[in-house]
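Enquirer: The chain contents come next:
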Amino acid sequence: MAKRLFYVVALVLALCWAALGVAQPTQFSLELGYQWVSVSGNESIFRTQVNEKQGLQLRSFSLTTSDTSSGTKLFDRLQVDAGTLGATSQGYFRIDTGLARAYNLRIFYRHSELYSALVDFANPLLADGVDISEHTFNHASDFVNLDLELIPGHMFTPLLQYSWMRYMGPGTTTLHTGEDEFQLNSDFRETVQEVNGGVGFHIGTFAGSVLQGWRIFDSSQTDALVYGAGAGNNTKPVLGRDINLSNYTGSSHSDGTFPMTNAYVSGTLTPGLRLVGSYVRADMKSSTEETDAGTGNLASFMLARFYSGFTRSAEASSESLNWRGDLRVEWEPLDGLQLLAGYTKRHRDQDGLATIADMYANAVTFSGADAKTINTLLTSTTAMQRDENVLELKASTRNLGPVQLWVGYADAKQDLTVTPDAAEIVVPGGQGGDFTRDVKLYSAGVTFTVSTLKLAVDWKKDDADNAIVRTDYLNQERWRARLSWTLGQFLRLVGTTEKITGENPTTGIDREATTKHWAGDLEITPVKDLIFRLGYGEYKVDSTTTIRQPQDFSLVASVYNEDGTSKDAAVSYRFGRGGFEVGLSKFENTGSMPLTVDRTFARVDFDITKAWGVLVQYETRKYEDDVLSIANFDAKWYGLFLRWRN
Amino acid sequence: MSTWLRVLSALSLPLVLGVGVGWAQTQAAPAANPCATCHDDVVAAFANNPHTRTSSATVNKQITNICEGCHGDGTKHAAEGDKTLIQVPKGGGGAKVCLSCHHDKPGFEYTAMGFHSSASVSCSECHSIHGAPAAPLLRTAVGSLCVSCHLEQKNTFAKPYAHFLGRGGIECISCHNPHGGAGADRNLKKTYAGELPCASCHPETQGPFVFTHVTGMAGNCMSCHEPHGSNNNKMLTRARVDQLCLECHTTLPAGTLGPQPPSFHDLRSPRYTNCTVCHVAIHGSNTSPMLLR
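Listed in order, the protein sequences are those of chains S and R. Under my numbering, the residue at position 371 of the first sequence is numbered 371, and the numbers go up by one with no gaps. Here my numbering runs 1000 ahead of the position in the second sequence, where the first position is 1.
The following block holds chain S by itself, in its conformation from the complex:
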């Protein structure tokens, strides 16, 4: 990361030099410094939730400049931004530049570090004192995107887009084999590139673009048994024999190249009548090769054998055609009265083929006979197809004085066909078939505006004739209201409330869910540059549905609750050569996952000279899990930064 920071700072300085040399800078700011991090308690949970890092950090950089000179020039505007690069888990760098009627260019880079090491996720040994998940990762992602538009403002404008992403890093996972699970070290790497080229057009009253592109991806993972994990998760003997794995290695590789098409057109047919259409199509393809091998004392209920080792290899390919077409007409017959009719059709189909060859060495029946090597070969095909047709109608008016009204209706028809390979079905039922669902969506809203007071209320109701999966609602209704009011520069008040109810009363599903939420924010500015902010919110989630416990087929209610509050307060003040902002917040939740999160922050900046200044930043977060205290942490991170600006 330090190397990356060096390159970025070097690039930033080179850009500054170039820009300052040829153009008139209008705004320039650079904040560079060091951040310290101190964590007590569970550092893994801190990194999973926050992931702040200690070290040299480019906190922010911005440069906005223009070249208004006549004659030959490379750009007439240049905007460069960077944030939290260096010792950080999230950083970005962005260039936005262009020359009128010549080109527009945007380059974006983002570095992300994704970390996960939880206590009570994928951890069947928690009760035995193991306090970290068997599934962890410490991945880094680098993403670069480039968008180029040539000769903007002309009838035809060539367009080019290119992106590159690499996602990689170590982690741990598990292998289910031999009637046990074993922890593995894994190393994962995936790169995804996309290139799109096409043309934008502006002909008469019609404008749009057509882009043809390709995505190229390459993904690989290698796995090996974690040292000491050979005993597996199941410490009990299987049919009187201890199960263990003494050695394991595995690798998989997937890649694919497939085309993508994007197009849209919008235009005015006659004054007040507008047509918008769009089309997206991707013909996705993927091919995979996978091998693994292991030795140990293992068992298979499927083979009714013990065995001492295995090698497996698989070749697979899958294709998925995904397209969506959308057409809508917007008509404004009277000033302020708008009517809309739209139709969307979506299609996705997916076909898969896998050939899986397994070899089990020294396979012995459970009664101890027939020691031999068993080979199995399985060819499996899968197919799915989903179609969705959505008709949408909407009317809105804004010429009723302080009142704006809108009403909407939509009808979404879904059709899903799933064809699993019959040979693969372990438990009959629910694995395939034809499913249809017709959802009628009604919605309306009203906004009342008087001076700086605005009250908006909207309502939405979905009525479905069927559920495809058990979590689909047959009826869902949402009410939402938002109030905002400002009193000059002195006061700003915002309040929101929302209630969502959903149900599927079908016998055997018995699903009911309610979400309630309300929140308010108050901002007071008693004198210029002194701002007090207060926020408060409450929410409540209650959900229940019937599930069947596999072990005894008993029916029980699956109940999930959340009941939380969020409070925050902050004050900020700017004076001649500096300013400060301090704040705190508290988030509490009871119900299925009781916890508390306390946060505080303080930022102080001071200009030593007109160009140079210092900035101090201090933040804390305290996490308390009311059930698993071993997940708790108390962290603070603070930084001292030097600021240089024009």
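Everything labelled a hint here was simulated from the structure, so no lab data went into it. One or more hints might be untrue.
What the hints assert, rightly or not - Computed list of chain R residues with no C-beta within reach of chain S, every gap over 12 Å:
{"no.": "1", "residue": "H1039"}
{"no.": "2", "residue": "T1084"}
{"no.": "3", "residue": "T1276"}
Stated by the list, open to error - Dumping the calculated SDA-like pairs for lysine to any residue here, alpha-carbon to alpha-carbon at most 20 Å:
{"no.": "4", "chain 1": "R", "residue 1": "K1189", "chain 2": "R", "residue 2": "H1163"}
{"no.": "5", "chain 1": "S", "residue 1": "K567", "chain 2": "S", "residue 2": "T609"}
{"no.": "6", "chain 1": "R", "residue 1": "K1189", "chain 2": "S", "residue 2": "L327"}
{"no.": "7", "chain 1": "R", "residue 1": "K1190", "chain 2": "S", "residue 2": "S209"}
{"no.": "8", "chain 1": "R", "residue 1": "K1190", "chain 2": "S", "residue 2": "L159"}
{"no.": "9", "chain 1": "S", "residue 1": "K285", "chain 2": "S", "residue 2": "E319"}
{"no.": "10", "chain 1": "R", "residue 1": "K1076", "chain 2": "R", "residue 2": "G1091"}
{"no.": "11", "chain 1": "R", "residue 1": "K1189", "chain 2": "S", "residue 2": "T261"}
{"no.": "12", "chain 1": "S", "residue 1": "K622", "chain 2": "R", "residue 2": "M1235"}
{"no.": "13", "chain 1": "R", "residue 1": "K1083", "chain 2": "R", "residue 2": "V1097"}
{"no.": "14", "chain 1": "R", "residue 1": "K1190", "chain 2": "S", "residue 2": "R106"}
{"no.": "15", "chain 1": "R", "residue 1": "K1096", "chain 2": "R", "residue 2": "K1190"}
{"no.": "16", "chain 1": "R", "residue 1": "K1190", "chain 2": "S", "residue 2": "Q161"}
{"no.": "17", "chain 1": "S", "residue 1": "K285", "chain 2": "R", "residue 2": "H1283"}
{"no.": "18", "chain 1": "R", "residue 1": "K1190", "chain 2": "S", "residue 2": "G208"}
The beta-carbon is built from N, C-alpha and C at its ideal position, and this holds for glycine as well.
Since chain S is already given, all that's left is putting chain R on it; use the hints.
Expert: Frame of chain S; chain R shown alone:
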């Protein structure tokens, strides 16, 4: 394949930029602005505004004064100094002024009757055309701007497992198009392949897989995950994984999609309440129908 693409892209950039720059040399510089007589500070600040390069005044040459592109004919206002004689775009009428140019820009094509427009949220509530220092001319930083109205999202992001909003370029607009888009999930930014924005940063979950889970067929990422923030591990919608799985994977006479686990999955054992310890390929697999690898 990847190397030649990178080389081609790197080589093509200066080439096409050169073509563009060459083309631009034929364009004339914009004329002086008469509004500066009274509004000299505004006009001076506006010199670096993106509208100076792309407004109808400079591009189409139909009007000579760039201010009139949005404020209409200012002749009477200039002569009499009366504030009521100049058009000030705001509210729904203001949005029409903005969209007269912006409606045909990519990403704006659905704005006129989009969700913000329906809720009487006009362009000027988020954008400050004269006051913002740089494109896209937002009143404040994008994250704090969105949550100033969307308080429910502000509180959701306060939950312990949440996307790092505001850090490293991850903002609301990384996933959402505030101007609206096509389709039922029109406030989401789709990938070029039409996928949900989740695929942009989590490509390993997208496939296509031989043995797919719900992704894109009977559900999507939000079937299991809270995209803004969650109290639960992995931003899941349920505190316990077995609870989350069984709410779909229970086959009762309802006739829904989703097979139930076999009876040896004894939920009294932690081995079976941690479903993903065995079903590691929960987003989809190419070699295991039961998503075991």
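Enquirer: Could you run down the list of hints and mark each one as holding or not?
Expert: Evaluation of the provided hints:
1. H1039: Label holds. Min Cβ-Cβ 18 Å, cutoff 12 Å.
2. T1084: At about 18 Å from chain S, T1084 (chain R) clears the 12 Å cut-off, so the statement holds.
3. T1276: violated, 5 Å
4. R:K1189 / R:H1163: OK: K1189 (chain R) and H1163 (chain R) at ~16 Å, within 20 Å.
5. S:K567 / S:T609: violated, 38 Å
6. R:K1189 / S:L327: Holds, at roughly 18 Å.
7. R:K1190 / S:S209: The given pair, whose Cα atoms are some 16 Å apart, holds under the 20 Å limit.
8. R:K1190 / S:L159: holds, 18 Å
9. S:K285 / S:E319: Satisfied, since the Cα-Cα distance of roughly 4 Å is no more than 20 Å.
10. R:K1076 / R:G1091: violated, 23 Å
11. R:K1189 / S:T261: holds, 16 Å
12. S:K622 / R:M1235: holds, 19 Å
13. R:K1083 / R:V1097: holds, 18 Å
14. R:K1190 / S:R106: Roughly 19 Å separates the two Cα atoms, so the pair holds.
15. R:K1096 / R:K1190: violated, 26 Å
16. R:K1190 / S:Q161: Status holds; Cα separation ~15 Å.
17. S:K285 / R:H1283: holds, 17 Å
18. R:K1190 / S:G208: holds, 17 Å
Hint violations for this structure: numbers 3, 5, 10 and 15, all remaining hints satisfied.
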